[in-house]
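Colleague: Residue strings, one per chain:
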Amino acid sequence: MAPTGGRGPAARRNGIGTRIIVNGAERQVEAPPEESLLSVLRNRLQLTGTKYGCGEGQCGACTVLLDGRAARSCRVALSAAAGKRITTVEGLEQNGRLHPVQAAFLDAEAFQCGYCTPGMIVAAVALLQRQANPSDEEIATQLAGNVCRCGTYPRILAAVKQAAAALRQGPAR
Amino acid sequence: MRPPADDDLARELQQQEVAGGLHRFDLDRRVFLEVLGGGLLVWLSAPAALGAQESGRAAGAGGHPLPREISAWLHIDQDGRVTVFTGKVEMGQNIRTSLAQQVAEELRVPVAAIRMVMGDTELTPWDAGTFGSRTTPTMGPQLRAAAAAAREALLDLAAERWQAPRATLAADHGQIVNPATRQALAYGELTRGQDLVRQVVAAPPGAARSGTAAPGATPSGAAAPGATTPGATPPGATTPGAPALTPAAAWRVAGTAVPKVGGRDFVTGRHQYTSDLARPEMLHGKVLRPAGFKATLALLDTARAAAMPGVKVVRDGDFTGVVAPDAWTAQRALEALEARWQVPPQPGSRDLFAWLKANEETGESERGGGGGPAGAHVTGAVEPAWAAAPVKLAQTYTVQYIAHAPLEPRAAVAEWQGDRLTVWTGTQRPFAVRDELAEVFHLPAARVRVIVPDTGSAYGGKHTADAAVEAARLARAAGKPVKLVWTREEEFTWAYFRPAGVIEARSAARADGTLVAWEFHNYNSGPSAIATPYEVPNQRIQFHPARSPLRQGSYRGLAATANHFARESHMDELAHAAGIEPLQLRLHNLAEPRLRAVLEAAAAAFGWSRRPAGGGRGCGLACGTEKGGYVATCAEVEVAPAGRTVRIRRVVEAFECGAVVNPGGLRNQIEGAIVQAIGGALFEAVEFENGRISNPRFAKYRVPRFTDLPEIEVVVLDRKDLPPAGAGETPIVGLAPAVGNAIFAATGVRLRGLPLAPYGVPAGTPA
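Line by line, the protein sequences are chains A and B.
Those letters in the first sequence? Residues 0 to 172, per numbering that gives the first Met the number 0, in order.
Those letters in the second sequence? Residues 0 to 766, per numbering that gives the first Met the number 0, in order.
Don't read these hints as lab results, they were simulated from the structure.
Only part of the chain B face toward chain A is listed, based on derived beta-carbon distances under 10 Å: (1) Met90; (2) Gln92; (3) Ala256; (4) Pro258; (5) Val266; (6) His283; (7) His403; (8) Thr454; (9) Gln668; (10) Gly671; (11) Ala672; (12) Val674; (13) Ala676; (14) Arg704; (15) Asp707.
Not the full set, but computed from the structure, chain B residues with beta-carbon under 7 Å of chain A: (16) Thr267; (17) Asp275; (18) Ala326; (19) Leu406; (20) Glu407; (21) Glu670; (22) Ala698; (23) Phe705.
Cβ atoms here follow ideal geometry from the backbone N, Cα and C, with glycine treated the same way.
Produce the complete structure using the sequences and hints provided.
Modeller: Structure below.
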């Protein structure tokens, strides 16, 4: 999507236009500044890969990267995301090629109903950016904010380790 | 809104097997073939016995030329593409894949050549719903029979085309081949220009499984799988003989870990759940919830909400909702409604168990119990055996209400076109939802279409039509499509719960541990797996329905978890009372070879005979059977000093469900069941008082998280000589008693209520 530049005249007039950068593209969003980033992504930008699970930052289904760090988009107001780089699950795949974490989740079949999967994958991406070779315990602790009600944790653990190994070995993407 | 289905396997099976709205198809088979563009259509009709049972309803079919019962369609188009139509739904249990595998197996095509159309009331045959672990034992064999019939029809076509002896031909990889002449014809080449219909009679429900106990719910005397239907052969149809189903030992596609169909869409976020759907001009809805259960509205002021731009307030009877152009505004509008409620005093979780005992539903129990006429299962005479036995024990066990908390809350998108209604919703029972919508809006069912996108899980919690009805109500008032997504708090409050219960168990044994008497009463939680698998000559087993203070219904495994918890805790207590090692006591009293096999397999893999003890560690085991599956679970726990925390260190579970259709998916289900069971075993409980749920949020209702994950080892016994049984539920039942028994081994404290240790192990609890 082409960058839309700064605030448009209509947005300025209403005082509700906010510029955010989603998956590398600038987006001008006309929404109340207190609206949650999750709501903006899902309902205004049709980026529905990011899920609603609880609205209180307890389940991790809405996890996105905000300037590279994992954030619960249900607890981030649009105004707080202004000007920041947001990466959603839709932004991980590059030119039809899955991110190594996505590829590992698919390979390990680390999901059942799949509803927690986008948030889990984005949280794992953030984790592996901080720690290239996390222990089982570190993975468990750092992903404890992401709930999988189907209980797929054993395979998610395996997938994160597989992705970590791939990222350590593989060429830069 | 109607209450959800009772927590009762017998009733679930009954619901599944009693056909409801099958006969409202708009398409007859000719039209259907025209729509599909010719080719080969195979339909499965249900067994004659069931058809006869249903003849009263079938008379309402309006002279429709369809057979009385159809459970699935299978179509091969003129390009050889295979489409399977089934009313079952996918919600993470992986049946989109496992059913496709079974069709691929019989049809000799790759899984990728098959498209599964599921849970769409306009396209798929009527189905009671996806619950009760019924997909694998019933829909699996039915689709195999349809695929085998299609394969035979293709062989017929090729034999005719080539004027070759049919017996020399084979189906292989989407082709009919003649090894003698090296001729080959792709399925599409055979079906092109054809207009063929074949009909096969499905196996009677339950015929292809063994060992489940649902008294009186399984029709018998019906035709074998693949038998030619008697009479009423549709025009143009051929009548095949009974096509042989490929035995599991010879499976090449079924029985393997085929990757989840469409898996890539789940890791990219592309898969659209109901809550992700959008329709042109769609509005977003919210529903005003009462301040408590059974509340009456004392005062409502809608003026502030109605004045908001784009907002419409919808009132109808006791229903109040809002619609708005975007979800954020809809929520603000809901908050702008000023409502005052009167909530009557109601029992709370503190008095729960006394309430359930005191509020038994009297009169003839519809739900049955152990199979006896008055709901009681009685063999021998408990009293004299009890009186004479040297070892005896009587104890009471309890289970709390718990919530399903599917990560995707209830959601629906409703769209009206004139007097036709289409609703997308995540439900386990699309046809029941359709019927409820038809009833609520006074429409013929044929004008209502319910479509179930693959759903963000359910665990028995999405049987009802609540969100669908609400969205449809809002959409009708708004004149535009409306999406409604429940909040987590709504999900925790206005859905329904796994029933709470009180279980009284009494047992007696000889000094060598031989059981002589067994009495078991379950109040409210349900009759699933209430029968003991142990050999006991004198038994009295009864389920006592009670008036539940909360709305309750189906939950993964139903009451099998509660009944196994009570029974297997009690067996452990009995072992200690008799001074017999718990594994030995069980084996001493078990005859069922399949149950013995999983118990021995779990104990061996766990290293039961050299299990760790001391230092706050302890091990426990449990076993049982339900819905054709056999399970044994060993657990090791570590209890922190002063009992403040209980951590499950290691779990080994052995499971057997006949021939395994997809070992990868099966392991995922078993591991997931173990993890989900940790919540109900250790810490999940719905707290309530005076009509309000006190902990309707993940911050207050603890579900299993990554940090609760024990080391898990799953042992699958693949019995290729036995028909496949379902596996979505039974693997959940062994964990809670195994953990309770392990806590006793670690601490000497016997805990008899689920959850066992939400706040740690209470000090000084007598054993």
